[in-house]
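If you read the protein sequences in the order shown, they are chains A and B. Throughout the first sequence, residue numbering follows my numbering, covering 917 to 1480 in sequence. Throughout the second sequence, residue numbering follows my numbering, covering 44 to 439 in sequence.
None of these hints come from the bench; they were simulated from the model. Even glycine gets a Cβ: it sits at the ideal position worked out from N, Cα and C. Some hints could be false.
Stated by the list, open to error - Now the in silico label distances, taken between C-beta atoms and shown as ranges:
1) A:Ile1246 - B:Thr252: 41 to 49 Å
2) A:Leu989 - B:Val78: 54 to 62 Å
3) A:Tyr1167 - B:Ala118: 24 to 32 Å
4) B:Val78 - A:Ile1246: 17 to 25 Å
What the hints assert, rightly or not - One-sided excerpt, in silico: chain A residues whose CB lies under 8 Å from chain B:
5) Leu988
6) Glu1081
7) Thr1082
8) Trp1121
9) Arg1123
10) Leu1300
11) Thr1375
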Amino acid sequence: MASIPVEHFPHGAFPARGDDYLSCRRGLLSWAFTLDHKRIGVMYLFAVLAAFLLGGIFAMLIRAQLLKPDGLLFHGATTGAYRPYNQVFTVHGAVMIFLVLIPGIPAAFGNFVLPLMLGAKDVAFPRLNLWSYYLFVLGMLLALGSVVFGGVDTGWTFYTPYSTETSGPVILLVSGAFVLGFSSIFTGINFIVTMHTLRPRGMTWFRMPLFLWALYATAIIQIIATPVLGITLLLLIFERIFHLGIVDSRYGGDPILFQHFFWFYSHPAVYIMILPAMGVMSEVVSTFARREIFGYRFIAMSSVAIATIGFLIWGHHMFPNGQSPLLNAIFSALTMLVSIPSAIKVWNWLATLFKGSLDFKTPMCYALAFMSLFAIGGLTGLYLATLVVDVHVHDTYFLVAHFHYVMNGGVMIMFICAVHYWWPKMTGRLYNETWGRIGCLLWWIAFNLTFFPQFLMGTQGMPRRYATYLPEYQSYHVWSSVGAFMQMGAAVLVAGYLIYSLYRGPRAPANPWGGSTLEWTCASPPPPDNFKTPPAVGRPYDHRGLEWDEKTGGYVRTNPNTGQ
Amino acid sequence: MTNWCLLAKGGMWLGPAASTSAQRHDAVFYTVLYVTGFFFFLVMALMLTFVVLYRRRKGQHPENAPTHNTGLEIAWTIIPLGVVTTFFVLGFRAFLEDDTPPANAEVIDVEAKQWFFNFTYPNGAQGDRLYLRRNQAVTLQLHSADVLHSLYIPAFRVQRNAVPGRTVLLWFEPTELGTYPVFCTQYCGDGHSRMTTEAEVLDDAAYQTRMAELANIFQDPVAKQPLPYVAVGQILYKTAGCAQCHTIDGTKGTGPTWLGLYKRDQQFSKPPDITLKASDDDAKWDAYLRESVLEPSAKVVKGYQDVMPSYKAQFSGSPYKDKKLAAMIEYMKSLDNYGPSGTPKYYKPLPVPKDAEAAATPPQATGGPTAGKTEPGKQLPPPLPAGPGPEGPRQK
């Protein structure tokens, strides 16, 4: 008979200073050499947020440039005048992809939450975990070094032969991405082994919270696809130095081959980004609807299906490059197919709202924002999968808008959602709900203002990566820029009240939202070893018996969750 | 005049449709738009309904909320599957038509370079603008001289990449007279956003006239008289893509300015130990200028990058093209400004070609015999008084 796992911290009591993972040891070295998955997760979060700020600043530069058809910031009579703009969008893309979206949810929140949710004391390989963090920092420094040493103007896709010919520290940036790949692989290995070996008694595969299923599917992609990126980037470096003639047409190579290699990683990589975001969505929707998630097995299996089909559709990035119609047909059909598991998830989240008891706390507001933005992002993917339509909108702002609806409106909105959802658990503090909701609404409006006009101008033919454009597109660009500046404003607002909460926010209870997964049975912030005894594991989304407790301002379980 | 309202531009979506492929595309696009729009509003309507109906009320617990329903799961797997299968079939069928040129399609060769397109028409004429005939299918034969490019004409709903080392075909049939923007959509470096031109759809008569003019740039289309070489060179400077990188007013571009280029002391980064001096003789300078056009990588001026593509396809291979090169070099030389008050010091104008001679040399359709390559000087006709020719006759 399992007992109610609150033995460390009876209700009404917050952990004493020195009992939680943040204050148990002090000093810079205690962080630098920590093996605690929670501290490593926090360090990742810090690094990712810093990169997010940097990528955001570069986004503002892009949008400022595009306020005027001839360019506001970088303009001139000669083509060389636009090189800085090309460097800016390259940095924006590379930083956001490699330093924010890919590590964002899995490395920061995966590390923090995975062992807690699983009921384990740590990940399987804590030292590897720290090593992967330092690889991340090294990769980040290399990538940012390329900005300091002159800037790279290849675009984040590094397409040959331009990337092998252009001047600038391309090798530095590519090496950065190479090292970041290893960090990603190590994290993936760690997660897979943890989920296989460290599940406590009672935590069967189908009792794992859906965030863990999402992380598992993500980790599979990380360890299978990322080595291909590593090989490709090495090949690019060798091509630049030794002119091997494999992907550089000047020496007899084939640029299309590079695109195949590159997208074999980089398409599955978008699922490395979106799957964990979908996992967060499943957690948040269930918690704030205060009911069991609808269609648990379908959501879990759709993650695996996305990870599998996601490997087979990279060719849709290359529809207009002259590849054979047969190849185009196959990639188009498979791309259509990958939309099905995503659609299944959306329907199941929707059904979870049905007959729930919906509490519109800040994370739930972000979840609803995600539903609308991801619906647009996902459905516009079908336009791009439809061959004849893609031939028109490929490499236009339609594609830019689609990608940002999925990546910014999907992944980053869920990343910010995750920050809010697990903030009390990570920091032990509560932020201001009113400001949280205002921030979410502002962000949602600003986001749509930024990217919806881009769909329109994309179908009207505005190409991407243009430093200058025809005057007829100006109104769209101006609306888009205004929206982008508003997003920056929303981000500053969110950062403001979150930082304020660190110093002045009220202490957080163990379970402020009524979450039913195991991380909410630990104190906020959790003790360094998470669980003194293996926790009792029941069904993951059983909200029966979770009752509001006025004294602690949180939820407490009044009946044991025995999995019946 | 900028229209600030996003909705009032003759429809929110898509621009003017001016080809048969545009009709095929738009039918599929709107089908996808309406179906996905339906599903989007369905999801949003359900979400908002649930948000209102099931908002948390005090003391209320969700009762008997269903946790799974296999029938429903299968339904919302099968129905979207049917929808996307339909999209696939519609999209693929239209794509196949867009991918298979009809037998009567005329072939226009397109060479994409940093940062312009060079179109070669069936009669051998070349230029940086795309001229088309209404209701005449054309196949564009795309290739690249340097890096990846892409040719995109939104009004025709067509786009294909120009891949170095490959030839990619693209066909369409314009249906409406007019002028439409042409873009490069594959990022290709510094001048990517400047790599734009226009496609002009003409009726048959106007197209024939235009082609005849374009085929003989040595003749003034208005005065029906031969042009001086320097004037032809000036036209080529604009239409062959030189102006993208080389200025003629002394400002630094991607490449060296042409102002005062002739007989200016030159230092090279590649090969490093060679210099060219003002005192070097005319033949050496002529050879250098020819080489910079045809083999730009052979000598790279210090302070500039080795990025210029070769212009062999446009300026060598037939007597006509050799003559174009001579005109080009003539124009470069005319920009030497070492004389008093900016007048050329070294440049001595070549004679204007004799009237009918230029017109009588029909340009070769595709790459003439290289064996017939001669010194440009040898083809020159007897002297005639130099025309003024400060402005090219071809106005855009």
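Structure-based check of each hint:
{"no.": "1", "hint": "A:Ile1246 - B:Thr252: 41 to 49 Å", "verdict": "holds (47 Å)"}
{"no.": "2", "hint": "A:Leu989 - B:Val78: 54 to 62 Å", "verdict": "violated (41 Å)"}
{"no.": "3", "hint": "A:Tyr1167 - B:Ala118: 24 to 32 Å", "verdict": "violated (55 Å)"}
{"no.": "4", "hint": "B:Val78 - A:Ile1246: 17 to 25 Å", "verdict": "holds (23 Å)"}
{"no.": "5", "hint": "Leu988", "verdict": "violated (14 Å)"}
{"no.": "6", "hint": "Glu1081", "verdict": "holds (7 Å)"}
{"no.": "7", "hint": "Thr1082", "verdict": "holds (7 Å)"}
{"no.": "8", "hint": "Trp1121", "verdict": "violated (17 Å)"}
{"no.": "9", "hint": "Arg1123", "verdict": "violated (14 Å)"}
{"no.": "10", "hint": "Leu1300", "verdict": "violated (10 Å)"}
{"no.": "11", "hint": "Thr1375", "verdict": "holds (5 Å)"}
In this structure, the earlier hints numbered 2, 3, 5, 8, 9, 10 are contradicted, and the remaining ones agree with it.
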